[in-house]
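Enquirer: Sequence:
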Amino acid sequence: MGEKRNLWSGVLFGIGLAAFIDETIFHQLLRWHHFYDKSTTDIGLISDGFFHAFSWFATIGGLFLFADLKRRNRLSLIRWWGGVLLGAGSFQLYDGIIQHKLMGLHQIRYVENVIPYDLVWNLSAVVMIATGLFLLKRASKKGEPSHA
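To convert, note that position 40 of the sequence shown is 40 in full-length UniProt numbering; the numbers rise steadily by one, no gaps.
No lab work stands behind these hints: they were computed from the structure.
No more than 25 Å apart at the CA atoms, straight line, and that leaves these computed lysine-lysine pairs for DSS-like: (1) Lys101 <-> Lys38; (2) Lys4 <-> Lys137; (3) Lys141 <-> Lys4; (4) Lys4 <-> Lys70; (5) Lys141 <-> Lys70; (6) Lys70 <-> Lys137; (7) Lys142 <-> Lys70; (8) Lys4 <-> Lys142.
Using the sequences and the hints, build the whole thing.
Expert: In structure tokens:
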């Protein structure tokens with residue numbers, strides 16, 4: 001049971017962290033896009049607010065699970081970090097493929113040639129997922145107990 005809770009705590013935190021970084025850097029600081037760009041700027045800002053709230057709920061949920069694991073002495077940091085990278089990478093790949101391309105909610109950046117941006121975005125997601133899976137496999141091979 002501790003193995004799954006470590007994984008899900010990390011995945012939730014990773015999703016929230018990736019969404020928070022996306023919102024802060026690409027939506028607010030660089031102003032490259034909004035979560036929903038097919039309407040007015042006001043609608044785009046409202047959609048960003050909902051997206052930001054989602055990121056905080058995921059982050060806080062992951063941290064509540066983390067605190068519970070720590071309190072119960074069931075925390076496995078290698079499994080947790082594997083989950084963080086798996087969650088962050090999965091969110092980013094979902095964003096890059098589903099939201100950017102299939103649903104067309106927004107692009108990472110509105111430029112003439114968006115392909116380099118898409119490649120960096122999606123390849124960095126794949127690297128995070130692969131690293132997360134490597135950490136999870138390493139924890140299983142070591143026979144690491146559910147608590148550390």
